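Let the sequences and hints guide you as you build the complete structure.
The listed protein sequences derive, respectively, from chains A and B. Under our numbering, the first residue of the first sequence carries the number 1, and numbering increases by one thereafter. Under our numbering, the first residue of the second sequence carries the number 1, and numbering increases by one thereafter.
These aren't lab readings, by the way, just hints derived from the structure by calculation. From a predicted model like this one, the values you see are computed outputs, not experimental measurements. In this text, a Cβ means the ideal position worked out from N, Cα and C, and glycines have one as well. Hints may contain errors.
To be verified - Looking from chain B toward chain A, a few residues come up when the C-beta cut is under 8 Å (computed):
no., residue
1, Gln-41
2, Gly-42
3, Leu-43
4, Phe-45
5, Tyr-48
6, Pro-55
7, Asp-56
8, Ser-58
9, Gly-59
10, Thr-101
11, Thr-103
12, Phe-106
13, Gly-107
14, Pro-108
15, Gly-109
Said to hold, decoys possible - Distance condition first, Cα-Cα at most 35 Å in a straight line; then the derived DSBU-like pairs of lysine-lysine:
no., chain 1, residue 1, chain 2, residue 2
16, A, Lys-100, B, Lys-15
17, B, Lys-17, A, Lys-100
18, B, Lys-57, B, Lys-17
19, B, Lys-57, A, Lys-68
20, B, Lys-57, A, Lys-56
21, A, Lys-100, A, Lys-60
22, B, Lys-57, A, Lys-100
23, A, Lys-110, A, Lys-56
24, B, Lys-11, A, Lys-110
25, A, Lys-68, A, Lys-100
26, B, Lys-11, A, Lys-100
27, B, Lys-57, A, Lys-52
Now for the letters of each chain:
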Amino acid sequence: GNSVTQMEGPVTLSEEAFLTINCTYTATGYPSLFWYVQYPGEGLQLLLKATKADDKGSNKGFEATYRKETTSFHLEKGSVQVSDSAVYFCALGPTSGTYKYIFGTGTRLKVLA
Amino acid sequence: GAGVSQSPSNKVTEKGKDVELRCDPISGHTALYWYRQSLGQGLEFLIYFQGNSAPDKSGLPSDRFSAERTGGSVSTLTIQRTQQEDSAVYLCASSSRPSSTDTQYFGPGTRLTVL
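Take a look at the structure:
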């Protein structure tokens, strides 16, 4: 079945460091791919998404590119801030005939000033 | 406008009791999802509603779990004869239409503790 494998955390970085959080997937068909973020004390919210191969999703300085050849959707940011400290979840959208979204286990990011 | 709301925010119950968790989706959203988040785990899909019907119940872990949705709005997740392994955060999400590309809007969750 479909699955998502996400880099384990926690990830600790200094402010202005470069961030990569790896996400790979296994799927039949061509699902949409998502990154959701959960800030401390808040609910999950969409960070960015890509709906087809080679699409790049971007928001708040974060980017991720839908790579079909490597079945990956890695999250990157060039210069992290303390306010980026949160838990990040990679997610796979439903494929044909299903309604199920599949989430990774989440990666906790801590950014130090 | 109001986001997705869930109640109660916290629920502590004794093993063997039944619990009901409520979700109020964003007004007009036809798609509604329930997830379970256990400590250190990702979100586990439980059930999907389109309007009042549930075309995908494949994630419900046992027949102790059931859910309904009425009026195309409020949904209730019921867990009968709770067990300690049911302890988790239960999340509800809604989206405006049943599309695989649509954004899901999440509620704050209900933290369930079974003693």
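Results of checking the hints against the structure:
{"no.": "1", "hint": "Gln-41", "result": "6 Å, holds"}
{"no.": "2", "hint": "Gly-42", "result": "4 Å, holds"}
{"no.": "3", "hint": "Leu-43", "result": "4 Å, holds"}
{"no.": "4", "hint": "Phe-45", "result": "5 Å, holds"}
{"no.": "5", "hint": "Tyr-48", "result": "4 Å, holds"}
{"no.": "6", "hint": "Pro-55", "result": "6 Å, holds"}
{"no.": "7", "hint": "Asp-56", "result": "4 Å, holds"}
{"no.": "8", "hint": "Ser-58", "result": "7 Å, holds"}
{"no.": "9", "hint": "Gly-59", "result": "7 Å, holds"}
{"no.": "10", "hint": "Thr-101", "result": "5 Å, holds"}
{"no.": "11", "hint": "Thr-103", "result": "5 Å, holds"}
{"no.": "12", "hint": "Phe-106", "result": "4 Å, holds"}
{"no.": "13", "hint": "Gly-107", "result": "6 Å, holds"}
{"no.": "14", "hint": "Pro-108", "result": "5 Å, holds"}
{"no.": "15", "hint": "Gly-109", "result": "7 Å, holds"}
{"no.": "16", "hint": "A:Lys-100 x B:Lys-15", "result": "29 Å, holds"}
{"no.": "17", "hint": "B:Lys-17 x A:Lys-100", "result": "29 Å, holds"}
{"no.": "18", "hint": "B:Lys-57 x B:Lys-17", "result": "23 Å, holds"}
{"no.": "19", "hint": "B:Lys-57 x A:Lys-68", "result": "29 Å, holds"}
{"no.": "20", "hint": "B:Lys-57 x A:Lys-56", "result": "32 Å, holds"}
{"no.": "21", "hint": "A:Lys-100 x A:Lys-60", "result": "27 Å, holds"}
{"no.": "22", "hint": "B:Lys-57 x A:Lys-100", "result": "9 Å, holds"}
{"no.": "23", "hint": "A:Lys-110 x A:Lys-56", "result": "25 Å, holds"}
{"no.": "24", "hint": "B:Lys-11 x A:Lys-110", "result": "29 Å, holds"}
{"no.": "25", "hint": "A:Lys-68 x A:Lys-100", "result": "20 Å, holds"}
{"no.": "26", "hint": "B:Lys-11 x A:Lys-100", "result": "26 Å, holds"}
{"no.": "27", "hint": "B:Lys-57 x A:Lys-52", "result": "27 Å, holds"}
The structure agrees with every numbered hint stated previously.
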